[in-house]
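Chemist: Chain by chain, the residues run as shown.
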Amino acid sequence: RDSEQAEIELLSGWEKQKRTSSKSLKKALSEVKGLASYLVLWQNDIHSIEGKFGNGIQSYFSFLRFLVLLNFIIFILMFSFVTLPIIISKYGIFNSTIAYIPPKNIEGNCTIYEPSDNEGLVYFYTYLKDLFSGTGFLEVTSLFYGYYTVDAVWISITKYNLPLAYLLATFAYLTLSFVWIMKRSAKGFMQNLVHEADPFQSYCNKVFAGWDFCITDPSAAQLKHRSLRYELQVDLEEEKLRQKIAERTKEEKLRIYSLRIFINIIVIAILSGCFYSIYRVTAFSQENSSDTENANSQANLLVQYLPSMVITLANFIGPLIFSFLIRFEDYTPAFEIKLTLMRCVFVRLASIGVLLFTLWSQISGCGKDKCEPCGYNYKLYPCWESDVGQEMYKLMIFDFLVILAVPLFVDYPRRLLVTHYSCKLIQWFGLPEFQLSDNVLEIVYGQTICWIGTFFSPLLPAIATIKYFIIFYVKKAILIHACEPAPRPIRASGSTFFFLAVLLIGLVLAFIPLAVSIALIPSSKACGPFRNFNTSWEAIPDKIREYPTVTQQILFGLASEAFAVPLFVFICIVMFYFIALARAHKRVIEQLREQLVLEGQDKTFLIRKIAEAQK
Amino acid sequence: GAMGGSASLLPQDLLGEYQELTFLSRQEILLAYKRFSELLPKEERESACSARVPKSHILTLPELRANPFQHRICRVFSTSETGDDSMSFEDFLDMLSAFSDSATSDIKSHYAFRIFDFDEDGILDRKDLEQLVNCLTGQGEESRLSSEEMEQLIQNILEESDLDKDGTINLPEFQHVVSRSPDFASSFKIVL
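Those protein sequences? They're chains A and B, same order as listed. The first sequence: position 371 = 371 (this note's numbering), numbered continuously. Counting from 1 along the second sequence, just add 615 to a position and that's the residue number in this note's numbering.
Just to be clear, a hint being listed does not mean it is correct.
[What the hints assert, rightly or not] Straight-line Cα separation of at most 30 Å, DSSO-like style, residue types lysine-lysine; simulated pairs:
1) Lys-476/A to Lys-804/B
2) Lys-670/B to Lys-742/B
3) Lys-804/B to Lys-183/A
4) Lys-586/A to Lys-780/B
5) Lys-129/A to Lys-90/A
[What the hints assert, rightly or not] Rough simulated footprint, nothing fancy, chain B against chain A, three-plus residues with beta-carbon under 8 Å:
6) 229 to 240
7) 584 to 597
Calculated directly from the structure, the hints in this document are not laboratory data. Every residue gets a Cβ at the ideal spot worked out from N, C-alpha and C, and that includes glycine.
Okay, chain A solo, but in the shape it has when bound:
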């Protein structure tokens, strides 16, 4: 306080004025912030998790909260621009009507689409089956693409172009997700870059910033002590290992490299096996479920869920095999973890890709010229977008069931068994651990499905929001009651960046199938807002043709090569500029460091001189 008073007296009158005004502004801002903190979702829960389990696990729950908000906003976006106009016009509010433009130049066979809405007396079981597989009564609701067979909505005298709105809303939610993720990861990315630039800071970081001052629970403190000791010991061991690796002889290197190539071949073989089995199972499931004879049999539901089950099995077995194999490859422990993680991410996200690829080959693959009139297999898939939406819906439901079932039926009983029976076999299983990376991959997988599926099923984000909301409480309960945190500690800075990086990979991977569906595959002529266009993308050029010629030329020019190539060159130049700037900054940092050393030397020199002078 005294130093602050002294400072204030030294300032001139004008500066005093600036200071008081900036202080009152700060006060006002802090008041607003205080109010806003009451509105933040789950603030208290996350705070208590941070106190008990530390920063790493808390960042997982913050990530969950972020996904809940993201999905909710995507849902609001799609609902208000796509579903709401139709609902308004169905009830005739604001004098609105739906316009159905009859399709022209399309062969009659392509436009036949009769979703089997259950009529008459049906078993209750059928409703349950329909709920889980998205067929029957669910197929005709606004959940799936087929409901939106509307060409325009007239609200009083204004025409609301629904196909265009549908397409633009899709691009909007993709862009929104991208921008939001980039904003969140900007901070972590910068720190990671700085960290990468100076890899020798790791010990200082662990020792000076190692203790989490937020921990309030004595048992959590014990855990933290243990994990800190473990981490320091592992790092020291790793350093010794690295020295050993640097001293390897030529023959040893040859042996290890050939071993690594061999194991990578095994990994690729396993991955191909997984993908091939997903392909076969999806093809089998699609063929059998369209066979109406089996439509009401018990096994039909099982057949429909076969792809989801196989994918979940692959996602479960894959990581186990990878963590077993990597032991033979003799990497440093840190690199081992990164490589296993990369392989697991690849398995999870690529399996969705394989599923979609199989679906497309089914949809556009015709045995003998069945595709001629419409461009896709109209006999089996009169409304193929609804089918893809149903597959995504099934994947999401199954994922949700698995996430609920595993803690309930595996983790919790395991904990009960291990704490109450001291039989050797059971003790070998050990307590369930909260594996951070596995959990993160799980929810990124779910989010990728949501991103892909929203185009085919506009209400899917609502299901995703509810799903993540429930998952938060389930994971929190399982963390508190059943799991032990993994012994390998996770640092907060690394983890947030890792989560967002994996999420970004998921987003890019979700974009590719969407781009293919929108731009390449002909849209179904029997249902959906795009039945008057060749592909879904055509709604945009169609709209542009309504504009005056000048605007048309500008917009078409933007999409041509004459514009794209110079733009690309310009972006490259900008990128090189920033890289050069970063390098210059690094050099300045080095120079400043050297200056710091010189200052220290100057200081000791002067102190010595003073001591001599005093004598």
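Could you slot chain B onto chain A? The hints should help.
Modeler: Okay, now just chain B, sitting in the frame of chain A:
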């Protein structure tokens, strides 16, 4: 309720002054006042602003109870002339301000340096670093690093942070190392 009650005990001008001099917001100061007065016996609660709380009571706070640096924190922030490490309300606010979210990294690194300087000679030498690492790994014989590991670790730390190679870390070197540390801001934080 209770919040309103303690607000009437803490005069408004003092509240405003504290808001200006620390990094804490209004709610945080009021909450700190409430928690501080709970540490005092009933008779002294009226004059909480000028009372001193003995160290043993401060250490019962959950935020400090599990902290291996609890003694150092009390020592650094206490302005007691008798050296008994008791804290007044202003010391308490000082501490919370330095550990708050909005404190600058300069302030945090300055106080961190003082906390880690166990022998209070203004530099972090090998003995300080050894004590620091022992605090981190936990009390008790079996939770300490072996002397060989400790040597290797201290060697690595000094290699990374000791720029003038004099075998000790002074304040500018410490602040430089901590400014490059991505976890420091998020771990050097206490929120009531």
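Chemist: If you check each hint against the structure, which ones fail?
Modeler: none
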